[in-house]
Amino acid sequence: TGMNGAPVLETSVPASLRTPTLILHGPDDTIAPWGASRELAARRPDLVGLHAVPQAPHASMWNAGPARYEETLRRFLTPLM
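Taking this note's numbering, the leading residue of the sequence shown gets 1, the next gets one more, and so forth.
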């Protein structure tokens with residue numbers, strides 16, 4: 001069950017990134033593996049920021065902490081505008 005991030009990491013995806021990317025991910029996500037997000041962020045620290053959202057189920061990052069989520073997004077987007 002769930003996803004395996006290995007296919008993405010084994011392709012040229014990390015090397016082909018050209019755009020700043022923010023990953024909001026719950027380490028306890030049972031659908032998408034936390035390890036794949038950590039690995040992608042580690043491979044491209046120049047472009048990929050990883051923001052952990054503890055106790056957030058899959059696709060529920062905002063619900064786990066709206067103010068923190070919005071502040072993280074604001075800090076990521078502001079320099080890009």
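Derived by calculation from the structure, the hints in this document are not laboratory data.
Please note that a few of the clues may not be correct.
Said to hold, decoys possible - Label-pair restraints from in silico Cβ distances:
#	residue 1	residue 2	range
1	Ala-42	Arg-75	15 to 25 Å
2	Arg-74	Leu-47	13 to 23 Å
3	Pro-66	Ala-15	29 to 39 Å
4	Ala-67	Ala-15	33 to 43 Å
5	Ser-16	Pro-66	27 to 37 Å
6	Asp-46	Leu-73	13 to 23 Å
7	Pro-54	Arg-74	18 to 28 Å
Each residue gets a CB set at the ideal place from its N, CA and C atoms; glycine is no exception.
Taking the hints in turn, this is what the structure says about them:
1. Ala-42 x Arg-75: 15 to 25 Å: holds (20 Å)
2. Arg-74 x Leu-47: 13 to 23 Å: holds (19 Å)
3. Pro-66 x Ala-15: 29 to 39 Å: holds (35 Å)
4. Ala-67 x Ala-15: 33 to 43 Å: Since the Cβ atoms of Ala-67 and Ala-15 sit about 35 Å apart, the hinted range of 33 to 43 Å holds.
5. Ser-16 x Pro-66: 27 to 37 Å: Holds: the Cβ-Cβ distance is about 33 Å, inside 27 to 37 Å.
6. Asp-46 x Leu-73: 13 to 23 Å: Holds, since Asp-46 and Leu-73 (Cβ atoms, about 20 Å apart) stay within the stated range.
7. Pro-54 x Arg-74: 18 to 28 Å: holds (20 Å)
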